[in-house]
Amino acid sequence: EAGGAVIDAEFTEGGGGDDGVGGGGGAAATAAAAGGAPRRKFKSSFKRASSTMLELRRDREARMRAHLAKVRGGPIPRFDVGDAVEIRYGQEVSDAHPQVIRGTVIAKRNKGLDSGFTMINQVDDAVVTLTYPYSSPLLKDVRLHTKWRLHDGKRRARRAKLYYLKDRPAKEFQV
1 EAGGAVIDAE FTEGGGGDDG VGGGGGAAAT AAAAGGAPRR KFKSSFKRAS STMLELRRDR
61 EARMRAHLAK VRGGPIPRFD VGDAVEIRYG QEVSDAHPQV IRGTVIAKRN KGLDSGFTMI
121 NQVDDAVVTL TYPYSSPLLK DVRLHTKWRL HDGKRRARRA KLYYLKDRPA KEFQV
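Using UniProt numbering, the letters of the sequence shown correspond one by one to residues 1 to 175.
Honestly, the hints are just simulated from the structure, not real lab data.
Honestly, I wouldn't trust all of these hints.
[To be verified] Straight-line Cα separation of at most 35 Å, DSBU-like style, residue types lysine-lysine; simulated pairs:
1. 147 - 70
2. 43 - 70
3. 166 - 140
Values in this document were obtained by computation on a predicted structure and should not be read as measured data.
Let's have the full structure, built from the sequences with the hints guiding it.
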């Protein structure tokens, strides 16, 4: 008895009881006995849910990449902004003769399954900008046509996005 209150030795010393439960709960039990709120032992439910969703997203991305690599016959080759690429893009998933499109890559977006790239080219005296997602089943094949096309293969592009090419003469980006 200390100050008129009975203190149980099991909670203050952190010892285990005969019931097989206990050990390590001393601080929370002491705080609860003193009238304070017990200390939380685990992460918040928001953090647990976020980590679970992250695991699910990564698993879905891995399965999608494996499926698309199997359908395309291999992964998409690595290319950078300023490179000239040639893609085969179908109008339907079961399209036997996909359309071949050439252009200079002016932007890339790396966001997991939402990743994609933007190409620019001139078609019939009109500058055309096209954006393609990597995960699209309509994207049949991507081939690197010319590395560092923007500077005639001598050096890489110094910008991450080359939108300024829209205002330049077509011979700078036309493939």
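The hints, checked one at a time:
Under the criterion of a C-alpha separation no larger than 35 Å, the hint pairing residue 147 with residue 70 is consistent with the structure, at around 26 Å. Taking the CA atoms of residue 43 and residue 70, the gap is near 39 Å; set against the 35 Å cutoff, the hint is violated. In summary, the hint linking residue 166 to residue 140 is supported, as the alpha carbons are separated by about 26 Å, within the 35 Å threshold.
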